[in-house]
Amino acid sequence: DAEITQSPRHKITETGRQVTLACHQTWNHNNMFWYRQDLGHGLRLIHYSYGVHDTNKGEVSDGYSVSRSNTEDLPLTLESAASSQTSVYFCASSGQAITDTQYFGPGTRLTVL
Amino acid sequence: GENVEQHPSTLSVQEGDSAVIKCTYSDSASNYFPWYKQELGKRPQLIIDIRSNVGEKKDQRIAVTLNKTAKHFSLHITETQPEDSAVYFCAASPGGSYIPTFGRGTSLIVHP
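Read top to bottom, the protein sequences are chains D and G.
Numbering follows the working numbering, in which position 59 of the first sequence is assigned residue number 59; successive positions increment by one, without gaps.
Numbering follows the working numbering, in which position 93 of the second sequence is assigned residue number 93; successive positions increment by one, without gaps.
In short, the hints are calculated from the structure, not lab data.
Keep in mind that the hints are not guaranteed to be accurate.
Quick look at which bits of chain D chain G covers, simulated, 3 or more residues with Cβ under 8 Å [unchecked claim]:
{"hint": "1", "region": "36 to 42"}
{"hint": "2", "region": "45 to 57"}
{"hint": "3", "region": "77 to 83"}
All C-beta atoms in this analysis are idealised placements derived from N, C-alpha and C, irrespective of residue type, glycine included.
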């Protein structure tokens with residue numbers, strides 16, 4: 001069955017370190033998204049991609065970057081982790097139609113000490 | 001850009017009661033309105049959605065209504081059960097965009 005996976009599921013790192021969170025989907029979806037979820041803020045968009053080699057900034061993109069070298073993967077990199085980036089991160093993907101459902105990955109809980 | 005307001009932030013009901021969660025949006029170009037349910041420690045999952053050319057949609061105990069003139073839409077859950085306890089998110093997608101803007105969520109607690 002098609003799915004979307006994230007790794008690692010839990011990560012503890014130190015301030016200033018570079019961290020990469022992986023997202024892999026087998027839906028063959030063109031659209032992929034990264035959100036962070038914090039209490040009281042809901043789901044906030046970090047970056048998104050409409051296809052290979054396409055990346056765009058969301059509302060909270062500072063300190064994060066993504067790259068899209070194939071359809072299946074959209075890794076999220078924290079260039080220099082900060083304590084404010086402690087959060088739960090969700091990857092999502094969706095198909096071609098605007099009304100296509102967004103499917104979310106299981107999430108990665110990141111703690112920056 | 002789009003702005004979605006969701007109320008209430010917390011809703012507590014007795015099992016068997018109905019629950020209503022309301023959202024408003026700002027962009028009149030929005031034409032797709034999904035609702036997601038997120039159980040504790042789990043991922044958000046779509047439970048129902050509605051398009052702008054439809055006023056109401058039902059799926060068993062769940063219904064969504066849309067008022068485009070007033071720019072608001074609501075989720076209705078009837079005969080609530082303890083397993084309905086979760087955080088519910090509304091979202092609105094502007095025409096031409098694949099990107100939904102999410103409300104901040106409603107924590108629904110159903111007491112047995």
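Against the structure, the hints:
no.: 1; hint: 36 to 42; verdict: holds (count 3)
no.: 2; hint: 45 to 57; verdict: holds (count 3)
no.: 3; hint: 77 to 83; verdict: violated (count 0)
In summary, the one numbered hint that this structure violates is 3.
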